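Reconstruct the complex from the two isolated chains, following the hints.
For the record, the sequence lines run as chains S and Y.
FYI, my numbering numbers position 128 of the first sequence as 129, with every residue one higher than the one before it.
FYI, my numbering numbers position 149 of the second sequence as 174, with every residue one higher than the one before it.
Honestly, the hints are just simulated from the structure, not real lab data.
Predicted model only: the values in this text are computed from it and were never measured.
Cβ coordinates follow ideal geometry from the N, Cα and C atoms, glycine included.
Where hints are given, some of them may not hold.
What the hints assert, rightly or not - DEER-style ranges, computed between Cβ atoms:
| hint | chain 1 | residue 1 | chain 2 | residue 2 | range |
| --- | --- | --- | --- | --- | --- |
| 1 | Y | Arg118 | S | Ala12 | 30 to 40 Å |
| 2 | S | Met182 | Y | Arg118 | 36 to 46 Å |
| 3 | S | Gln22 | Y | Phe133 | 58 to 68 Å |
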Amino acid sequence: MPERRTILRVANLAAWYGETQALHDVALEVREGETVCLLGRNGAGKTTTLRAIVGLLERCTGTIEVNGQPTTGLPPEAIAHLGVAYCPEERGIFASLSTHENLMLPPVLMPGGMTPEEIYKIFPNLLTRRDSPGTKLSGGEQQMLAIGRILRTGAKLLLLDECTEGLAPVIIEKIGETVRMLRQRGYTVLMVEQNFRFASGLADRFYVVEEGTMVDQFRREEIAGNLERIEGLLGL
Amino acid sequence: METILGVPTGAFLGQVVTGLINGAFYALMSLGLAIIFGLLHVVNFAHGAQYMIGAFVAWAILEYLGLSYWWALLIAPLAVGAVGLVMERLMLRHLYRLDHVYALLLTFGFALLAEGAFRLKFGVSGKPYPNPMSGGLDLEVTFIPWYRLWVIGVAIAVCIGTWAFIERTKLGSYLRAANENAPLVRTFGINVPRMLMLTYGLGVALAGFGGVMAAPIYQVSPLMGSNLIIVVFAVVVIGGMGSILGSVVTGFGLGLIEGLTKVFYPDYAGIVIFIVMILTLAVRPQGLFGRND
Chain S
2 MPERRTILRV ANLAAWYGET QALHDVALEV REGETVCLLG RNGAGKTTTL
52 RAIVGLLERC TGTIEVNGQP TTGLPPEAIA HLGVAYCPEE RGIFASLSTH
102 ENLMLPPVLM PGGMTPEEIY KIFPNLLTRR DSPGTKLSGG EQQMLAIGRI
152 LRTGAKLLLL DECTEGLAPV IIEKIGETVR MLRQRGYTVL MVEQNFRFAS
202 GLADRFYVVE EGTMVDQFRR EEIAGNLERI EGLLGL
Chain Y
26 METILGVPTG AFLGQVVTGL INGAFYALMS LGLAIIFGLL HVVNFAHGAQ
76 YMIGAFVAWA ILEYLGLSYW WALLIAPLAV GAVGLVMERL MLRHLYRLDH
126 VYALLLTFGF ALLAEGAFRL KFGVSGKPYP NPMSGGLDLE VTFIPWYRLW
176 VIGVAIAVCI GTWAFIERTK LGSYLRAANE NAPLVRTFGI NVPRMLMLTY
226 GLGVALAGFG GVMAAPIYQV SPLMGSNLII VVFAVVVIGG MGSILGSVVT
276 GFGLGLIEGL TKVFYPDYAG IVIFIVMILT LAVRPQGLFG RND
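Bound conformation, chain Y alone (with noise of 0.2 Å):
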């Protein structure tokens, strides 16, 4: 049998894919963290409710109405981004004035409440979601299913789409500008309020986007998002707050460490994130891409 580094290579390419497949999910996740604090300087705790709420869109509108995967990943960034808007317009627009604390409080408590709503409704032990695409991959070594080479893909797609949108675009522009000084944007006629409101629906629709993804490969839980958004505000730590490339690199690298950390030294593979966190601290505090500023 071939083997890489001593292990066997079906094994190993198991753990890179499950890696790269956790790595998606840290990548989409810190990504719409990153716009979110980026521009608003608003820590969103709500992110993991959000990402499961994204979940449950798309398992209720299955379950309901019938209607498939495909457009539940148009449906549920909408429904999910909507609710950002509301938020956003009704609570926390109030908040830009006050201490980062109070925002990073409201959005904690709305997952506390979301998550307590879902779990007295729908209890805690998960809904199954069929996989939409079936087959996969067959290496010899491995079989790798077509739906998570399509999470991994898509998850790379809408990482670049999204840093080519800032970077690239009059839009992206604005809000590159805004995050340095908004008022004086302001006074160029840009109307800076609506622009933090629309941001902060995007960061949530990846969310939500994300927990579509998410639904056929883990089992769509209350849980699901709370479980998740620790080990994603880890990465934002090591990644550096508010970078884009950032969190998009330690997304999908810090994934592949944790899948391989599972082949090499498997008693390490829960906590090592936690401890390239802890040298990241150490060594370089603002994070590996953040600014010094």
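So that you can see chain S by itself, here it is in the shape it has in the complex (with noise of 0.2 Å):
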């Protein structure tokens, strides 16, 4: 298989919340297509990362290269036009807006995004519930919402963080779909998760960050072969 490009080249990052260092020295790398999952602890840095690398941190140093380009200290709106979508994990849905316009608030900022009956076909509950404010939503409902309005934007880099936190068996399960359709339509993921289980069953690489660290790495197949240094390495 010919060597893909890079799409999002992360070295030697180091960022602050106030005086507190919240990453030390964080490396990763994502190539086009690829499915990518961050993994470590509960304050290990996961999050931190995925902000920093939207431009939502106020200080941080290092290398942040998204196509080639460096984004460090570009101001979040810069970053989204290179081409990069951002789901929180705290979904951040809007109250004051109706789950259509929610889904419709993110500009198309490149073509090639899904328009949005593809998405109301891929998660057919928003659409009748289309009308409801965005928080009237049940959890599950909200996670499709945040994810479903990024698809639209034309970005084909994804951020997600922590997407089953705190959902229901079969939910999950429809995002895992979720995220493998994105795939085969040849969305590059970079996700954030605190359920091994579900990522082993997803990405195609993994980082381990431990207190704002990168201190390991490896592909799903050598999941098998390791699986006590992983474990031992995330608490399980």
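Below, the structure is given as structure tokens:
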């Protein structure tokens, strides 16, 4: 298989919340069409890494490149225009907007995004709740809406933060199917997961973050032979 | 002579119209404050001064350039809005990350400076501004000048238009979303800092527009804004900070209550709004239309 183009490269990333250093030395690479997962215990720095990539941290140093272009220090709106879309852990559904308005909120930034009809086809629940205020949806529906609305924009690199957290098994299964479908459609996904069982069936490669530092990486094929070491790292 | 609740019909209707006129200005002004507070979380104490500047722009372009009221309706809001854009870009923007009190102090300082400068230049006596519409509606029991009806109609139209813009348009949905979670909206590629600047400009332009509307009714004077703004802040507190619908309904409602108080309990007309404010704060501190968060 020919070497695929690197979409996202992070090296020597350090970041601070006020005076507290949250990231010390994070490095990772995501190639076109890959599904990559960040693993690690609570508070290890996984979410902070995603927030640094989309430009939400006021203070960070090191290298972040999207399609070869350095983005450290750029404002979030500029990074979005490079084709990066972010689905936050808390889902970020807007209470003052209806479900449909939430879906249509992110502007289309480049060609190749899905149409609202396609998204409603993937998540038919959302169509039946189209006119309800966004936050009146169930947790699972809100998660679907949070993922659905970033598929319209044409962004091909999706950052998904803990998209199974607190959801029922049947919904988690649905979200797993969706991530697989996105992969087939050529999307590149960088996800953060606590749920190792869920992620181990989905991602091609894994990085382990501990205390703001990248401590390990492995491919899906390597899981079976190293299960003990991995579970130790994750505290499972 | 016909009466309503023991009051001559003419006097009653006259106070209702006066109440609605005052209410129209309360609504226009608190609407601008609500938009600015909702998105920028800035309590814009410069609002009264910006209203006064709008009236002076109308007066000045008539006095020096011979441009009529109708031109003023267009030019004054643009001019005052432009002042707002510059103020946001150069000063307010740097205060968002600090406590809200800093922005409040900045806008309060601007109001003092602007009012002081205009007093120095024009004195406190005020400049008359001609009524652009002569004649009126003769109802036999009372006479309502056309211009007063025009003010009420335009204020209602501007309020409905602003509400529709925020609740029914795409750009309005950006404003509502940024109001809830600005950082996330930025990750969608929407330039929120520019949106904040334009929103401040829009809110301030509404104050300038109010100033032009007021010029033919009240005198154009450096203190006209500070007289109005105190009542307007009471209106905002009663309606609920940041609520668009709340500011409009409360503005007109309180104008009307004030007018009717003049008919029935004239002694209390000057303080009735503050009595309502105290009662509201006691029973519903977030305001009649405020969200409890």
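Hints, verified against the model:
1. Roughly 32 Å separates the CB atoms of Arg118 of chain Y and Ala12 of chain S, a value that falls within the hinted 30 to 40 Å.
2. The hinted window of 36 to 46 Å between Met182 of chain S and Arg118 of chain Y holds, with their beta carbons roughly 42 Å apart.
3. With their beta carbons about 39 Å apart, Gln22 of chain S and Phe133 of chain Y fall outside the hinted range of 58 to 68 Å.
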